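Once you have looked at the hints, place chain B on chain A.
Those protein sequences? They're chains A and B, same order as listed. As numbered in this note's numbering, the first sequence has no gaps in its residue numbers, which increase by one up to the final residue, 215. As numbered in this note's numbering, the second sequence has no gaps in its residue numbers, which increase by one up to the final residue, 1225.
The set of hints was computed from the structure by calculation and includes no laboratory data. From a predicted model like this one, the values you see are computed outputs, not experimental measurements. Every residue, glycine too, gets a C-beta built ideally from N, C-alpha and C. Among the hints, a few may not be true.
Simulated restraints, written as ranges between beta carbons of each label pair [stated by the list, open to error]:
#1 A:A74 / B:G1108: 28 to 38 Å
#2 A:R197 / B:A1078: 56 to 66 Å
#3 B:V1066 / A:R69: 18 to 28 Å
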Amino acid sequence: MNTEQPLTADTFLAGLWRENPVFVTVLGMCPTLAVSNSVLNALAMGLATTFVLIGSGALVSLLRNVIPRAVRIACYIAIIATFVTVVDYLIQAISLRLYQALGAFIQLIVVNCIILGRAEAYASRHPPLASMINAAGNGLGFTLALLCLGTVRELLGSGSLLGIPLLGPQFAPWVIMLLPPGGFFVLGGWLLLFNWRQRKQGVKIPVAEVHRHGA
Amino acid sequence: MNTPLPLEQTSLPMIRALGLIALVSGVLIVVAYEQTAPRIERNRQQAIDAAVFALLPGAQTRRDFVLATNTLRAATVADQGDRLYAGYDSDGQLRGLVLPGAAAGYQGVVSLLYSYDIACACVTGMRVLQSLETPGLGDRIGSDAAFLQNFHQLDARLDAAGNRPAHAIVTVRHGRRQQAWEIDAIAGATISSRAVGKAIARSTEHWLPAVHAQISLLQGAAHEH
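If we strip away everything but chain A, and leave its shape as in the complex, we get (with noise of 0.2 Å):
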């Protein structure tokens, strides 16, 4: 079955925008809402997970003719691992400091399904430098949308942006923000956002697409 697609703007927007992995596949949850607490660690952990996502995005890529299919899930567990472990070293060796505020979830990437799907949906069908366009959009919206949680959660619950004091001394902090209590308060309004917009503008959620994917 050739289901291949060709590389357009679409590539890279796809996954940025009109499917982005957290507002409307509604993928990764558990990173999303364990480490948004923070705008940093929002970053942090959306630039890693692309990082992840480009990588394994072309080794499946490259070696997408010699994976047989009964072990497919095994060589890209195996090829995401890789990578995941790779960016481990790199976050430790930029900041310590990081690299604690962000705890188990770094090593956690590997069981991350945006990337599983990516392999599985995309990498495994297309050639190299498409899956790593489609990856990397893919991985920047994953990055948008943990931006627009960590945003909100630091400022109503420590009163600040990147660790600089914004709304005042006065300002007394919703410390449920930065609880996990707070992660679905803000990601109920942010998916209420996206589809209340979506469907003002008669978007349909490629729902195909969703199930394709996988949860």
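Coordinates of chain B only, in the frame set by chain A:
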């Protein structure tokens, strides 16, 4: 009826693909490790330096020690596990010790460093290194000024024989502190406060007998390499 494919047409491609991926993964991971390891080690050392020098004002260099079979000795690169850090000023005088501690908190392990003064046999400061305590509640163990005040002169004397603490350091409920070895908990964050007390109590019990038995080793180590 389909005849099954011969073994070399089904198994070999799988083994080849998995073997190839293992090889590529192995090379990528080893290269990344080799490239980042020196930088990661430097970051670790800088983080320890920052914590030790913040806890020991006036200290400019540090020496690391490990405890092996109840005896302190200078740490080598190969030593794993907890270390004691001794801080020295520019004249090579011992300014104090920084010791590690860890205990289970509300959501995960609270790990910390605290400074210890040999002359007064007391804890003189505490710094939380890592904790998963609740933001706004438990995580105040690292920032609450009144709580940190507990660690300015916290009694950690050993008994007459010098084998164990004279009084176990203990966290008491907020507002109930009466003794110099008690820590006044933060109201609303008793479990996290207790974790800090437990971490320091365990650590003093573990390290201090050896520290007091080998004071001259610690005092004379400034210029050794």
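* In rising order, the numbers of the hints this structure does not comply with -> 3
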